[in-house]
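Just so you know, the sequences run in chain order A and B. Letter by letter, the first sequence follows residues 10 to 696 in this note's numbering. Letter by letter, the second sequence follows residues 27 to 231 in this note's numbering.
Rather than coming from a laboratory, the hints here were simulated on the basis of the structure. One or more hints might be untrue.
Here's a subset of chain A near chain B, in silico, CB distances under 8 angstroms, partners left out [claimed, not checked]:
#, residue
1, W260
2, S478
3, L481
4, A486
5, R493
6, M558
7, Q560
Chain B stretches covered by chain A per the calculated footprint, using a threshold of three residues with CB under 8 angstroms from any CB of chain A [what the hints assert, rightly or not]:
#, stretch
8, 31–45
9, 50–62
10, 125–132
We put the CB at the ideal spot given by N, CA and C, even for glycine.
These are the residues of each chain, in order.
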Amino acid sequence: MEVAVDDIVHVPEWAAPPSPRARQAWRAIVLSVAYVAVYVTLDRISFIEPLHGINITPWNPSTGVMLALLIIKGVRWSPLVLIAELISDATLSQIPVLPAPLFVAATVVTVGYAGAAAILRHVRFEASLRRTSDVVVLFLVASISSCLVASGFVATYAAAGVVPWTGFADAVFQYWIGDAIGIVVFAPPLLMITQSSVLPAPTDRRRNWLQLVEVPAQGASVVAALAAVFLQIGGDHPFGVFYVLFLPLIWIATRRGVVAASWALLAIQAGLIAGLEIRDQWEVPLRAFQLLMFALAATGLMLGAVVSERHRLSLALAASERRRAAILNTARDGVLTIDAHGQIQSINPAVERLFELPGNLLIGHDIHELVDAPPDLLARLRRITGAPAAEAVCWELDARRADGEVFPIELSVGRFDPPGTEQYTLVIRDIALRRKAEARVRKHQAELAHVSRVSLAGEMAAGLAHELSQPLTAITAYARGCLRLLAGSVPEPALLHEGLAEVVQQAERAGDVLDRLREFVRGGEYRRVLTKVKPLIDAAVSLTRMDAMQQKVEIAARVDPGLPAVLADRIQIQQVLLNLLRNAMDAMEGTNTARRSIAVKARRKSKHAVEISVADSGPGIADEVTDRIFEPFVTTKPLGMGMGLSISHSIVESHGGSLRMARNVPSGAIFFFDLPTAEAVTSTDAG
Amino acid sequence: MPDKTVFVVDDDAAVRQGLRFMLRAAGYSVEAFPSARSFLEDYDPRRGGCLLLDVQMPQISGLELQQRLNVRGWRIPVIFITGHGTVPLAIAAMKAGAFDFIEKPLREDALLENIERALHWNDRAYEERLERATLQTRAALLTPRERDVFELVAAGEPNKVIARHLGISFRTVELHRAHIIEKLQARSLSDLIRMAIIINSNPNT
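Isolated chain A, as found in the complex (with noise of 0.2 angstroms):
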């Protein structure tokens, strides 16, 4: 199917979505509006009281506003600020006042909250209030900042005459309990509001319909305190009853937080200002009130923060149980936790699942009912997690299911100390599988060795067959010679028994031959027992002696004096010294050097380990080989399968050690083994 280029639609330029910039634009131009409308408006509503007949009255919640807008905004929206300012002052001053006052008083109020609002966003304050430090912070920034406006504001206008100096202490504090009310009850809901993140409120989301009934009355009991407040119920004093606002508050701060609680403050300012508004006969000023007003807010806000905190935490702390909790169920490793005196504290499924046991039979008992630990389990643990660099330490054990079957574990330690006790989390890995895999793959190796080492045995056949023809020469020489003997005329009893005693000891020695081999030749099964390296030397040497005696190649062995014995399957350990000498003695086959020699040599290398080297004078080994040397199929002979080297390569490391290769000096190749000695075997055993 054909797609016509007429269908591909394009998009008119002017029905393109406006671009983000242009969108952001006109939001802030909306935004701008909607603040100097609502400053202006507020600034009018609450023009109350005023002294002097300029802006100085008790109540000031545009500041609230104008603070919050720069909390959240920043403060590059000063000139905003100050333009709302100018308007405010300038429309609602009932005396004519001087273009220069009035710009300067704009410009301190302006520079004032905007360098309140600066540090604000400077220091660890979160708008939302969701911690109590946040409230302090709050009330600290706005008390000193409305205090240095409020100065600076009235100082202005006195020294411009429309102040008296007289009256300006009292001017000040009018206007500082003005803009400080208004920050600390308008500023806190428009925060909020204008977080993402608004905080759940503290209460049971279970019980909902409990909520139904709550809120209406918890607007019920503020509407109810307020009336009692301005029917003067209980004494005829206007502040007779107003702490009975603080038990509204109290319950909305303690039942759902901070969030809620600025709003009851919100609404209880309103409530204040219009009851006074009705009730304007009491000859009390509104910014008595406002004092009061003051400490309901530091109440109400400080209670509620201080609940929705905890609640926070609580939130926090179900949330990371939670976690824990998954992680635990999930893990297919026991993890368990113990006391110092070995008693299981804590588990988790997997635990029982492990021992085949119910937790309530697991906790309470002793680590050493289900792991075949060492007595002294925790007083190594304490030593050895005590160290200053404790890493997690990890044991190879037996463990007991309830059936009384034992399995291999890994165990892994770790140590943490609640306040005032001790306590380990050990970790329990079931490692029978990979035992099992283990074995598997040394089964495997030893088969393969197995397979090698027939077949070595094959290419051997010339050196064995002259192995067992020098006795069998010698056993007919002998046995002929005494027939001879007894055929004569003259009997010759001593010289008839040396020959049969030498007839029977070249036998002996066919028979060693036979057996060696056989021995060689033998089934896979992996046997290490402790052994002495001379003979073993001394058994791989004669079997290539025939070859090498071919090739006139000299061997020489050289085994210091006293070496330990060590841990090795001999068979195997013959086999890779068989091939080394096989190797070095094909290297130096149809080369000219002056003298083929092999050096074989045993030394100690440390504690733990012999060191077995086989040396060669032939030609060495290509540099672009040396690096697949053991690897299977990498061979430099040209009838060569390349798998004498891997074979060794991996009898070696099923001994724990590796095998190694390096430049012989002048020339020619050295190849090096670690066997482990009996110490090193102890001395693991007891780590």
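Could you slot chain B onto chain A? The hints should help.
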């Protein structure tokens, strides 16, 4: 009166002593040596006898010992004892003038028969083979230039012609000739010519 001693050279003590035991029981006088070197040091060529020699030995092998005997002109019949899988060595030994070879494990009758023949040899074919092998061993010592000179000498050319033919001086030809005579242990010109004929004759006839 030539010696009837059987000399045994074998590095394996058991085999060496076993052979000595058996041959003594069979009535021979036996002297056994663990190495070629000790035999060369001890043996007097005037004694005759026969040599039972292991092909394979460390340091100086049986074949090398045979060559040294050839170079020295010690004409003791050599019976090689060869192991399994060393037939190529046995053939080389025969070409180099061995009396015979027998394989291990040894069969007594074959061995004794061989020894008997070797001690009383008057076999013309063997004589010739030994002579040729001896001369070939010695001729192998000649340098290529000496070999050229030897061929021309054997063809009956006088020194002057040889010098011209090879583009070398008369004096040099004389020097080469002296070396050839020394290396081949020739007694006269006719001896030299005879040697050339033997060396160049087909060894398989």
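Just to make sure I understand the rule, a stretch counts as covered if three or more of its residues have a C-beta closer than 8 angstroms to a C-beta of the chain. Does the stretch 31–45 of chain B meet that for chain A? holds (count 6)
Under 8 angstroms is the threshold here; is the Cβ of A:Q560 close enough to any Cβ of chain B for the hint to stand? Violated - the Cβ of A:Q560 stays beyond 8 angstroms from chain B, reaching only about 11 angstroms at its closest.
Verdict on chain A covering the stretch 125–132 of chain B, criterion of 3 CB contacts below 8 angstroms: holds (count 3)
Would you check whether A:M558 satisfies its interface hint, that is, whether its CB is within less than 8 angstroms of any CB in chain B? holds (6 angstroms)
Verify the coverage statement for the stretch 50–62 of chain B against chain A, using a C-beta to C-beta distance below 8 angstroms and requiring 3 or more qualifying residues. holds (count 3)
Minimum beta-carbon distance criterion (8 angstroms), A:L481 to chain B: Holds, about 4 angstroms.
Interface restraint verdict for A:R493 against chain B (beta-carbon cut-off 8 angstroms): Since chain B brings a Cβ to about 4 angstroms from A:R493, closer than 8 angstroms, the hint holds.
Interface hint check: A:W260, Cβ to nearest Cβ on chain B, cutoff 8 angstroms. Holds or violated? For A:W260, the interface hint is violated, since the closest Cβ of chain B sits about 110 angstroms away, which is over 8 angstroms.
Holds or violated: A:A486 as interface residue toward chain B, Cβ cutoff 8 angstroms? Since the shortest Cβ distance to chain B is 3 angstroms, the answer is holds.
Double-check A:S478 for me: the hint is only fine if its C-beta lies closer than 8 angstroms to a C-beta in chain B. The hint holds - A:S478 has a Cβ within 8 angstroms of chain B, the shortest such distance being about 4 angstroms.
When each numbered hint is compared with the structure, violations occur for hints 1, 7.
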